[in-house]
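Chemist: First to last, the protein sequences are chains A and B. Quick note on numbering: the numbering used here labels position 76 of the first sequence as 76, and the sequence is numbered without any gaps. Quick note on numbering: the numbering used here labels position 131 of the second sequence as 131, and the sequence is numbered without any gaps.
These are calculated hints, taken from the structure and not from any lab test. There could be a bad hint or two in this list.
What the hints assert, rightly or not - Which residues of chain A face chain B? A few of them, derived with a C-beta cut under 8 Å, are:
1) Leu24
2) Glu123
3) Ala127
Every value quoted in this text rests on a predicted model; they were computed, and no experiment measured them. We put the beta carbon where it would ideally sit given N, CA and C, even for glycine.
What follows is each chain in one-letter form.
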Amino acid sequence: MLARIGTIALQAAHSTGEMLALLLETLYYFKDARRNRREIVRQMSEIGIGTLPIAGMISLFIGMVLALQTGSQLALFGTQEAIGAIVGLSMAKEFGPVMTSLLVAGRVGSAMAAEVGAMQVYEEIDAMRTLEINPVRYLAMPRLLACLTVLPILAVFSFILGALGGGIVSSVNPVINVPPTVYYDNLVRAVDIWEILNGLVKATVFGAIVAQVGCYVGFKTTGGARGIGQSTTRAVVMSFLMIIIADYFLTRLMM
Amino acid sequence: MRNKARVFSRENFSRLAHAFTHMPPECPVSQDEYETSRGVRVQIENLHRTFGSREVLKGINLDIRPGEIFSILGPSGTGKSVLLKHLVRLQKPDAGRVLIDGIDLNLPLTETGGDTFRYSMVFQTSALFNSLTVGENVGLWLREKQIYPEKRIRRIIRDKLRLVGLGGRESMQVSDLSGGMKKRVAIARSLAMNPDLILYDEPTAELDPVTTDELARVIEELKGKVNLTTIIVSHDLSFALYLSDRVAMMHDGEVIAIGTPDEIRHSKDPLVRRFIYTTTKGLKGI
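Isolated chain A (complex conformation) (with noise of 0.2 Å):
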């Protein structure tokens, strides 16, 4: 049993060592950015535009449920018009930030993946090395710039419509009823630019883990399709996990 436990403890060290090592590559393959522009802009369309429609409608709905949810309990002791400030806050710290990037992993994440654990198995990152360019810059690197420039816009555009499907339910449901001038201003008194950016960092921090991870378990895949397969669920249960780690220490942070 304790060998066991050492075993995987190894093994986990191991692979945060390997991570911080690609980590370290990748951000230092920044400085030829220039050279990847084209794959950058890719990956940031795939990134974004593919995952902005997804996002959109379930911040929408997210928001909607936040206000139906709390307002009709703040309604019980007639407060409800502080549902701008919860909607607000909840959406710009938390919802926003965590539920794009839990649906950037789900969608972009595993895909990366599939695609860097392919060309592993299929020898392609093999030709890339005879070919004398580096497989982190010419696949991790993009894919990182990719999730940090995308996964902040995304969060805003998150905050946003969350906000406004919020403001709908309140006003419409009679319950709750809080017109919609009384419900931005308490949006807007709530949330501050600071409130706006520890949104954003939490939304930078989730882009590198998705990217990260993606690679990360990519570069790793070994066994045919079968690997491609584990490999894209071993993304996917890793970000998801690591997100949620990370998001409950960055709120501690920055409290």
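Assemble chain B onto chain A, guided by the hints.
Modeler: Just chain B now, kept in the frame of chain A:
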């Protein structure tokens, strides 16, 4: 103080920044370097490699001359492809060394002063990049190295594709190619590097006899035009014996025979004879 300075040296930082891939930093290639291609000498000295408990390479010794076509033959699973990967730094030996024109591939580039040769490899699976077109695959290295302006790169791509019988297919998608066409694109991609050493891993695998013949013609033509060293790993006996200047036969991680195709054909070694005089795929028995 001096030690501290050494720890924070540029070289150490570079090594740390490449700790994941362990690849040397990418170097630019000048037009002069690109345009001069020559055959290189490849020396393999007492090479050992073990995976888990299985010793795949058991002290391989080979000396491949500049400009020759050298084939490594042997049954599947004898370590031929593993050996080939040692020649392009995709594998590191447990013991022994590989020298290309006297430069030890295991030593860091900072110690050797950098490679003075270019090598490329044609993989068994072709290993083309599916997200790129045929032309983009062939021109990838040239564009990455930015040796020439775009117009010149396009001309080189056109020429290399024509050389392998695929002229005018630049804009095709890789997924639309047959196995033989993929292999030829992979060769064109390797040739676009204007290498001094080209390695083929099972080049005839999955190819029909007609395409195999075409491939042999391409490699032969190249020998006439460019003075590069060619190493072929294959278990396609007639292909290797037809093309090669010399052949090495591997069995169970060891080189059991080296010689010209004629010497191999007339070898008295029972293992060699068993491999080359098989019933269905070998030569006709004597």
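Chemist: Hint by hint, which ones does this structure get wrong, listed from lowest number up?
Modeler: none
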